[in-house]
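Residue numbers (this note's numbering), protein chains in the order written: chain A, 2 to 297; chain B, 2 to 297.
Watch out, some of these pointers could steer you wrong.
[Said to hold, decoys possible] With the C-beta cut set under 7 Å, the calculated list includes, among others, these residues of chain B facing chain A:
no., residue
1, 48
2, 70
3, 135
4, 140
5, 143
6, 155
7, 162
8, 196
9, 204
10, 213
11, 215
12, 224
13, 228
14, 244
15, 270
16, 276
These are calculated hints, taken from the structure and not from any lab test.
Glycine included, C-beta positions come from ideal geometry on N, C-alpha and C.
Protein chains: 2
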Amino acid sequence: MSAKIFRRHFIFQRMAAAMGMLIPWAGVKKTQAEEHLSNPSPALNETLQTIQRLRTIHGNFNEREISDSQLQRILQSTVRATNSSNMQTYSIIVVKDRRKMQELCGYQGSCLLLYCVDYNRLNASAKSLGYSYCPDNIVNFITGGINTALAVQTAAIAARSLGIDYLITNGIHRGDMEMIWNILELPKEQCFPLIAVVLGYPSEEPAYRMGRLEGAGVIHYEKYRPASKEQLAEITAQYDDPTKHLGLNEVWKEKGYKHYLDWLFKDWARNAKPTKQETPMLKLLKRSGFVELQTS
Amino acid sequence: MSAKIFRRHFIFQRMAAAMGMLIPWAGVKKTQAEEHLSNPSPALNETLQTIQRLRTIHGNFNEREISDSQLQRILQSTVRATNSSNMQTYSIIVVKDRRKMQELCGYQGSCLLLYCVDYNRLNASAKSLGYSYCPDNIVNFITGGINTALAVQTAAIAARSLGIDYLITNGIHRGDMEMIWNILELPKEQCFPLIAVVLGYPSEEPAYRMGRLEGAGVIHYEKYRPASKEQLAEITAQYDDPTKHLGLNEVWKEKGYKHYLDWLFKDWARNAKPTKQETPMLKLLKRSGFVELQTS
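So here's chain A without its partners, still in its complex pose (with noise of 0.2 Å):
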């Protein structure tokens, strides 16, 4: 029992470390220009103010649920989604049962909605009809994380314009996979989970919105542009604007780092060396019959 409550508490840590929680939303004053920013222009339409409005709220979700109108709401904006062929190569699992949430993503709120790449519809059609349909390589499974993540996307911009917040995990394919194959009890093969998107309200109005960078390095002209020297040091620079909200937190600060991003390449990236063996990942997108002529 204790070493199942350490494993859930471990999984829950490295969860949380995967997807940048432990943010501190420091109460610092807002600026005009943030101000702004909350309170988009009047001059942009409902969507796109809230876009603008867009939010992760991580982990700290009260008790209050959403209705089962909004609920449906969201499933039907979801499918919305443009998808490739309009096969729909995705599974939704819609998780109500908080303590399985938080086994499945390390956090809970009034509802989950674990997205799956998944075949397993589209190959069934196609045997009660007498056909195979064989989408056995990486292509199909790139194709089928798209229309994934574009459906996941469309279910946060719902969310929001109903006042409901929302976290976007990719705890789902950095953490423990084979734990949420066996919860949710999903076909071993042609089927991946990836992604997750918990739904609820927030316990706690974070402080601020994140920013981004939106120049040079992120946006190109007819061509790609290398971020020059001088573009680097503007986004070094960006990064340890109080005013801009780009790090993930000030811990950097008391840390005594130079730059936000030293803490980020030395303190929170630092597992990103070079891989020395086969990622739990790729071993399972062989498992599931994704990557063509291997098995694992």
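For chain A, the structure is supplied; the task is to place chain B on it using the hints.
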């Protein structure tokens, strides 16, 4: 020269085939239900209405340009999508040259946003501060790919809210990828073109909005539930129902097939057979350094 034209024509055809083009927007009369869908309930907020109106334009954009301020609104929106640890591991190449657009994806609009998973800016930032950052495995590619697709869908919804139409094309990763690297001068490593959005105005209004499956087989509750025989029959029937517009076209009727899905599996997906050799995409993923311990 004629070889070049032939090559372009061939690529265009392949792209079109890969993406579900050649879809006659049959002038079917709208049912009451469809009218409801194209003019969603006023009970829905503006954002949910925009989402319900999402649609893809298949190639027939006209010459009208979107304004620079609209483009900037869309770019300011796309970066608002959630991304892991706020590292924004993507690049967006904005292409306004229509000939280049045509070469890149087989379509032309006012503007093309080509999205790449891209760790080069981050790597360069690390290097400029004396660190190294090594995202050399499939997990980082997938995380980057999800960041990318979340941003893509945000751009699509923003565009639609501005009355601008779009095509999201997976043709980028399903077509001649080397060409994309060459035209856009993309870095050979740690950068991977994945998906593109063509923005513009349609030369012809689509006659209807594509339908979606939104029940069993797509949405599951609490755990995965394989579609039953009855549910599969119901899905087959839904694709056949002319009021639902789930199919890509009505060619199956002319061909004498009993069901739309007969056409889908027999004609459309006739290449979904067991993969006999490594796909170009897997080779390029290896070359880009996104498959651990492997180089091509």
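Checking each numbered hint in turn, tell me which of them this model violates, lowest number first.
The structure breaks hints 2, 9 and 14; every other hint is satisfied.
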